[in-house]
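2 protein chains.
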Amino acid sequence: MAKQEKLVKSITSMDEDFAKWYTDVCIKAELIDYASVKGCMIIRPYGYAIWENIQRIMDGMFKELGHENVYMPMFIPESLLQKEKDHVEGFAPEVAWVTHGGAEELEERLCVRPTSETLFCDHFKNIVHSYRDLPKLYNQWCSVVRWEKTTRPFLRSREFLWQEGHTLHATAEEARQETEQMLNVYARFAEEALAMPVVKGQKTDKEKFAGAEATYTIEALMHDGKALQSGTSHYFGDGFSRAFEVQYTDKDNKLVHPHQTSWGTTTRLIGAVIMTHGDDNGLVLPPAIAPIQVAIVPIASHKEGVVEKATEVCDTLKKVCRVKLDNSDQTPGWKFAEYEMKGVPLRIELGPRDIENNQCVVVRRDNREKIFVSLDELTTRIPEILAEYHDALYNKALERREAMTYDAKSLEEMKEIADNKPGFIRAMWCGDRECEDKLKEIAGVTSRCIPFEQHEIGDTCVCCGKKATKMLYWGKAY
Amino acid sequence: MAKQEKLVKSITSMDEDFAKWYTDVCIKAELIDYASVKGCMIIRPYGYAIWENIQRIMDGMFKELGHENVYMPMFIPESLLQKEKDHVEGFAPEVAWVTHGGAEELEERLCVRPTSETLFCDHFKNIVHSYRDLPKLYNQWCSVVRWEKTTRPFLRSREFLWQEGHTLHATAEEARQETEQMLNVYARFAEEALAMPVVKGQKTDKEKFAGAEATYTIEALMHDGKALQSGTSHYFGDGFSRAFEVQYTDKDNKLVHPHQTSWGTTTRLIGAVIMTHGDDNGLVLPPAIAPIQVAIVPIASHKEGVVEKATEVCDTLKKVCRVKLDNSDQTPGWKFAEYEMKGVPLRIELGPRDIENNQCVVVRRDNREKIFVSLDELTTRIPEILAEYHDALYNKALERREAMTYDAKSLEEMKEIADNKPGFIRAMWCGDRECEDKLKEIAGVTSRCIPFEQHEIGDTCVCCGKKATKMLYWGKAY
Numbered sequence: 001m002a003k004q005e006k007l008v009k010s011i012t013s014m015d016e017d018f019a020k021w022y023t024d025v026c027i028k029a030e031l032i033d034y035a036s037v038k039g040c041m042i043i044r045p046y047g048y049a050i051w052e053n054i055q056r057i058m059d060g061m062f063k064e065l066g067h068e069n070v071y072m073p074m075f076i077p078e079s080l081l082q083k084e085k086d087h088v089e090g091f092a093p094e095v096a097w098v099t100h101g102g103a104e105e106l107e108e109r110l111c112v113r114p115t116s117e118t119l120f121c122d123h124f125k126n127i128v129h130s131y132r133d134l135p136k137l138y139n140q141w142c143s144v145v146r147w148e149k150t151t152r153p154f155l156r157s158r159e160f161l162w163q164e165g166h167t168l169h170a171t172a173e174e175a176r177q178e179t180e181q182m183l184n185v186y187a188r189f190a191e192e193a194l195a196m197p198v199v200k201g202q203k204t205d206k207e208k209f210a211g212a213e214a215t216y217t218i219e220a221l222m223h224d225g226k227a228l229q230s231g232t233s234h235y236f237g238d239g240f241s242r243a244f245e246v247q248y249t250d251k252d253n254k255l256v257h258p259h260q261t262s263w264g265t266t267t268r269l270i271g272a273v274i275m276t277h278g279d280d281n282g283l284v285l286p287p288a289i290a291p292i293q294v295a296i297v298p299i300a301s302h303k304e305g306v307v308e309k310a311t312e313v314c315d316t317l318k319k320v321c322r323v324k325l326d327n328s329d330q331t332p333g334w335k336f337a338e339y340e341m342k343g344v345p346l347r348i349e350l351g352p353r354d355i356e357n358n359q360c361v362v363v364r365r366d367n368r369e370k371i372f373v374s375l376d377e378l379t380t381r382i383p384e385i386l387a388e389y390h391d392a393l394y395n396k397a398l399e400r401r402e403a404m405t406y407d408a409k410s411l412e413e414m415k416e417i418a419d420n421k422p423g424f425i426r427a428m429w430c431g432d433r434e435c436e437d438k439l440k441e442i443a444g445v446t447s448r449c450i451p452f453e454q455h456e457i458g459d460t461c462v463c464c465g466k467k468a469t470k471m472l473y474w475g476k477a478y
Numbered sequence: 479m480a481k482q483e484k485l486v487k488s489i490t491s492m493d494e495d496f497a498k499w500y501t502d503v504c505i506k507a508e509l510i511d512y513a514s515v516k517g518c519m520i521i522r523p524y525g526y527a528i529w530e531n532i533q534r535i536m537d538g539m540f541k542e543l544g545h546e547n548v549y550m551p552m553f554i555p556e557s558l559l560q561k562e563k564d565h566v567e568g569f570a571p572e573v574a575w576v577t578h579g580g581a582e583e584l585e586e587r588l589c590v591r592p593t594s595e596t597l598f599c600d601h602f603k604n605i606v607h608s609y610r611d612l613p614k615l616y617n618q619w620c621s622v623v624r625w626e627k628t629t630r631p632f633l634r635s636r637e638f639l640w641q642e643g644h645t646l647h648a649t650a651e652e653a654r655q656e657t658e659q660m661l662n663v664y665a666r667f668a669e670e671a672l673a674m675p676v677v678k679g680q681k682t683d684k685e686k687f688a689g690a691e692a693t694y695t696i697e698a699l700m701h702d703g704k705a706l707q708s709g710t711s712h713y714f715g716d717g718f719s720r721a722f723e724v725q726y727t728d729k730d731n732k733l734v735h736p737h738q739t740s741w742g743t744t745t746r747l748i749g750a751v752i753m754t755h756g757d758d759n760g761l762v763l764p765p766a767i768a769p770i771q772v773a774i775v776p777i778a779s780h781k782e783g784v785v786e787k788a789t790e791v792c793d794t795l796k797k798v799c800r801v802k803l804d805n806s807d808q809t810p811g812w813k814f815a816e817y818e819m820k821g822v823p824l825r826i827e828l829g830p831r832d833i834e835n836n837q838c839v840v841v842r843r844d845n846r847e848k849i850f851v852s853l854d855e856l857t858t859r860i861p862e863i864l865a866e867y868h869d870a871l872y873n874k875a876l877e878r879r880e881a882m883t884y885d886a887k888s889l890e891e892m893k894e895i896a897d898n899k900p901g902f903i904r905a906m907w908c909g910d911r912e913c914e915d916k917l918k919e920i921a922g923v924t925s926r927c928i929p930f931e932q933h934e935i936g937d938t939c940v941c942c943g944k945k946a947t948k949m950l951y952w953g954k955a956y
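Quick note, the sequences are listed as chains A and B, same order. Going by the numbering used here, the first residue of the first sequence is number 1, and it counts up by one from there. Going by the numbering used here, the first residue of the second sequence is number 479, and it counts up by one from there.
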């Protein structure tokens, strides 16, 4: 038994090797398995149940704002991909090409969608004619393919699951509002469902989406001080509409081009959760997306009445949370380790003495704090404890991010921080691409975003010393 | 206005051209749009909302029986596809091949999954070692690709959405039970969610799935007398396990091969619903999967109090069904035609006189029957009427199927029926593949299934006259 416990727990510690710790958690918590297809992953039941919770919550937020789900083909003819020049330049180098159907060579090769702007535009052209047809507020849940060289589970894989919103509006103003609204939805989701603080801001021209006029992003800071782009929202203006000849008759009977947005989040969010909350005992899940929120472990379950009482507690709790009673013949110690590895927020220990005292012991995953709860108060106390737990995770992550955010006023300071202190670096910037490139070269950092919440660190560019226009977040990123 | 009504209603009648009627409904009810990618379709919001309802109900049925969702890669390396001989022979001629990633040619080409048995086996080999690891009850919702020559929306397209269940069991007996259980789940779903009667049975060896020991099917009869295979469940024995070297240690510490099943249904079910219940006014949807179950159309809505009352009725009904209030500036006549086209089960007409009488008029989509319902009884009466409506659709479809099912005792009779009477033909069969091929050649029919419910039509094979072993359903099929 001791051996089994050790087996479950044997993951590399974060400090020893963060990358190894990460993949250990992915495998040992049974989130993924590697596939025979290089660079692709198998999402196992426990990992997929997390994704289903993410989908359910996010899909509800989208629908509440009037978005509808659709499904577009997974293939894009090469000629269609090429219609918007910047877009094809950005994506063509990393798409997978289908060249044969059965034994026959195709007349035109098809790429497996890396993103679906081109398909949506082609469809919009068919169905949008009058201002009465606008807005179109569409979303799609699907998988996309990008032929990456280096891959890691959830963070960067050749195929990944995502949602991509695509909307079309009568005016630029309306499209801009949508772009901003959806970024706010992502930020709210990150905070409320993932207990993950994010910085909201705009990408520089260098970092924006291929074909977009403006890209907005939410950036999170991982345990190791690297940044993770966790969701993006793009404003296209009428660039795609023009390229695809999408037009509508406005109220004054004039033919005009509509304005467009797209926005997306991916299974990468699961990677974000692992690296935001996880610890050396494994995964730590925020309650909103945890497949199991409470695991009940009976103690001395051979004793009379223990299993019966545990079943009763389980049935009671089913009304207020996702609960699992583990009646298996493993030892309590094995079960404790198992549910810690899987990041279950709370475990309930229930033994003969607890039953005698009409109580149970609730143990928090994050700090192993023990809370005694009366069996009569379960349906009110457990939701309260889960809410407190969510807040505790959020606050801890926020505190860490704040402790790992540094201001740099000179290039030397920037390099010094980048070399020695993992985290976000805030610094002023003149707006020139050249300085962005140089900071990458010298300090190894990329611009993460121009945050909406600006504050002045100085008035000159950290790189060239010319007049600064904006404060940026910089960092090393996944 | 008259023009608008006509525009909405202008679909080909079933009798004139059934195939054209079908695609007209798909387009005019806004279920699909054609895509630039030949043979693929765009599923529009109304069509996708139907699929979401199908998914939600079916997924619940799967999970209740202990199945878990996973996600496998969409690509299968050629060498992996080739591991099971019959399987690759069946599928290789109709798969799409990815040969390039970005600008580079791949070392080994990948097919876009036509089905995922090979991927699941490869994964099972990694994760199954002991009898304690069994059973594995997995399901996946995804899209698959089969490079078909002739395509039709929902019925046969190069890419389609589906669910594929894949389970692994310790014994043949358990796997057989699972195969049968899931066929029963499909039949129950067809009847309870789609109001569609089906014949349950086994496929002949000629018609079974590539690589299966036995394939079971539910077969439905469409309005035009053609059969539609609507869901299949396969028993693989240990064939795949052997080919992929999946083994486990049983309770006696012996290494043995587990037994396997798979089962699937697709967006084809939407086609089945269209052709089972639809009429010359458009789609007719069973309530369980209808995105809108009740459409409220205010009459003389400029009169005082009408919109307010309609809103009140809508809010009341939201508690018991999916309801939409149409306050747009179209005429009631336009709206009637629109919701008929979209197959909304019930519409509620509410005008000043109805309000005076504290009632509303409920109109059924199928027969336009008008039912007066007191505004005080809405939350009990509407669910009742929806339930009656479901039963009416089911019974009508069942009666039609029975009226279109014929018994044939000789080859001449078979040909005579096949040429003149669209529908199912029941006839005895000796079990020889030769007779099956001959019936296809002479009468143009294929074997649909060997029904579980056998009844003797004679004792000799309808084709060769030798001793018959089974009664079969035959027919022309989609």
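What the hints contain is simulated information worked out from the structure, not anything from laboratory work. Nothing here was measured: the structure is a model prediction, and the numbers come from that model. Each residue gets a CB set at the ideal place from its N, CA and C atoms; glycine is no exception. Please note that the accuracy of each hint is not assured.
[Unchecked claim] If you only want the chain A side, here are some residues facing chain B, beta carbon under 8 Å, derived:
(1) Asp-33
(2) Ile-43
(3) Glu-52
(4) Gln-55
(5) Ile-57
(6) Val-70
(7) Val-95
(8) Pro-114
(9) Val-320
Results of checking the hints against the structure:
Checking Asp-33 (chain A) against chain B: minimum C-beta separation of about 6 Å stays under 8 Å; hint holds. The closest approach between the C-beta of Ile-43 (chain A) and any C-beta of chain B is roughly 4 Å, which is under the 8 Å cut-off, so the hint is satisfied. The interface hint given for Glu-52 (chain A) is met, as the beta carbon of that residue sits about 7 Å from the closest beta carbon of chain B, less than 8 Å. With its C-beta approaching chain B no nearer than about 11 Å, Gln-55 (chain A) sits outside the 8 Å limit, and its interface hint is violated.
Hint status for Ile-57 (chain A): violated, given a least beta-carbon distance of 15 Å to chain B, over 8 Å. With its C-beta approaching chain B no nearer than about 5 Å, Val-70 (chain A) sits inside the 8 Å limit, and its interface hint holds. At a threshold of 8 Å, the smallest CB-CB gap from Val-95 (chain A) to chain B is about 7 Å, leaving the interface hint in force. The criterion of a C-beta within 8 Å of any C-beta in chain B is not met by Pro-114 (chain A), whose closest approach is roughly 10 Å, and the hint is violated.
With a cut of 8 Å, the hint placing Val-320 (chain A) at the interface with chain B is violated, because the nearest CB-to-CB distance is about 20 Å.
In this structure, the hints that do not hold are numbers 4, 5, 8, 9, in rising order.
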